[in-house]
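Chains as they are written, first to last, in numbering that gives the first Met the number 0: chain G, 0 to 382; chain R, 0 to 233.
FYI, nobody ran anything at the bench for these hints, they're computed from the structure. Watch out, some of these pointers could steer you wrong.
What the hints assert, rightly or not - Short derived list, chain R residues pointing at chain G, Cβ under 7 Å:
| hint | residue |
| --- | --- |
| 1 | Ile55 |
| 2 | Val98 |
| 3 | Leu110 |
| 4 | Leu114 |
| 5 | Gln117 |
Note that beta-carbon positions come from the ideal geometry of N, C-alpha and C, so glycine has one too.
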Amino acid sequence: MNLLLFVPYVLKQVTRHGVRSALTVAGIAVAMFLFTAVQAMNTGVTIATTESANDTTLVVYRADRFCPATSQLPQDYQRRIEGVDGVVSATPIKIVVSNCRTSLDVVTFRGVPKDAFLDEHGENLTLVAGSYDDWRSRTDAALLGETLASRRGLRPGMIFDAAGITAYVAGVVRSSDAQDQNVAYTALEFVQLAGRDQLGIVTQFNVKVREASMLERVSADIDALFDTAQEPTATFSEKAFIGRVADDIIELVGFARWLGLGCLAAVLALVANSIVLSVQSRVAEHAVLQTLGYPGRLIAGLIMAEGVVLALAGGVLGGAAAFGVARYGNFALSVEGASIPISADAGLLVVGLLVCGVIGILAGLVPAWQASRREIAECFRAV
Amino acid sequence: MTLIECRQLTREYRKGETTIKPLDGLDLDVPRADFLALMGPSGSGKTTLLNLIAGIDSPTGGTLRVEGTDIGGLSRHALAAWRSRSVGYVFQLYNLVPVLTAFENVELPLLLHRLSAQERRERVLRSLERVGIGDRADHFPRQLSGGQEQRVAIARAIVTDPAIIVADEPTGDLDKPSAHAVMSLLQELNQELDKTVIMVTHDPKTTAYAKRTLHLDKGRLVERGVDELEEAAP
């Protein structure tokens, strides 16, 4: 028996019961939108906070401070940090954010020494628009991460205002590092002086270490170096630092996993409800199919296939909508200058669809089994 | 030549404490190309006998052989395969799948057979033409009259070219002209294609189309009443 011959039958059952199918698919789509969005946030947290064996960056912050406004370190710590064994370079960074609260649309300025920054960090960046020369030559020039530029609709040559700073867009860069994607890099002095008169004061140092295995030892050495200083330091690996400052968001996103599971339960309930109602209203129809010689397990398969089609249709709609919003909305959860991307990729969509397929099968399992075991004569007597 | 052979055929149901016996040790031989009408009061066992012959119910006693096969001893799966080859069922209420067109309804039994799309199409169209409804192939059941729906159901019953057509009150839901047309069609299938037709009916007039009429009462065959003979006269 060629089972593909029955695919049109299944599709007709779904499409020609238009209202019922549309309502079910709409419900599934909403639930899958939420599920995919939650998963996108989870993926973002994983990307932003999971350390890899290749990570060689430390962040030196002011001890016992948790936000850019209060973390103030003397810029001349740079020279002393670079003297620590294993340190390749230390980049002083002044961070100013447009919004102290957690938000999807925060503009984060990172003031950096331009030439040193490009020398040490340039290999991680791909210039997608504008020019580095332009950035170097203008005091007020900003190099925007692609996510920020795209979200704000900014292109090279434009002027924009945020956090009381007026900057000129010199270029747009792409990076595999989530933190680069959502910031505006400017000259260190420009941010220090922009209305705050904090020349010589920086928020943090990003320290490049020779080998990943040295991170722990170097961070301890740096903190020991400033232990008795007026401005003591707390040094973390970059990913651990993100995890620390974005702790609240990560906790919320972790809780949102339950929301995602709730969405899956909703999908299961919706599909199961639809299939049960469909099977109950088609007792005679299934009995007719059995009379025509359709074996019970084929009827069970047809019922489960309807569930899978409904679930996949809803999954495609909801998943694609969430994927589109996450991917092209260029959202990132920003807190205290750290950025957690809402990251959707094709893999996430595929996982969502696989989950939908499994749910479709599960939802149809019991009604399909019941329908396949019914006595034909009993069905006709009952109708 | 005997096509269907029932020996001491019995069917019992349990309903709570009570045992109901709609068929009670029935003996019956149906030759090939017979057109048999089954009559009797409600609960006499007509439909039960029809369902047993059609293989959609199983006997609890006795034997039922069709073309030499003891269908009472077949597994569910084997019985389904046997039904798809050997029996066409015509229901009183047509029982077409409402979301499928006439063509698609008639095609349903063929999906179980190894046929190309072209062969299926030809067979479906031939069956629809045979029952005089070829021009309604793309109509949905809701767009057809009762008589037309029953014709589609008959086309569905004959599309696999089964030896036996069973019909459970095929005119029970039809007006007189439609009933006449449906009965004439069953008669043609019997006479021209040598199909064995077994029909349950409450209407004595429809028995005039059959070659013979048997009466059931309390699960057994009984002699035919004179009043019914008169009613059956065309």
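> Of the hints stated earlier, which fail here?
Replying inline: Those not satisfied are hints 4, 5.
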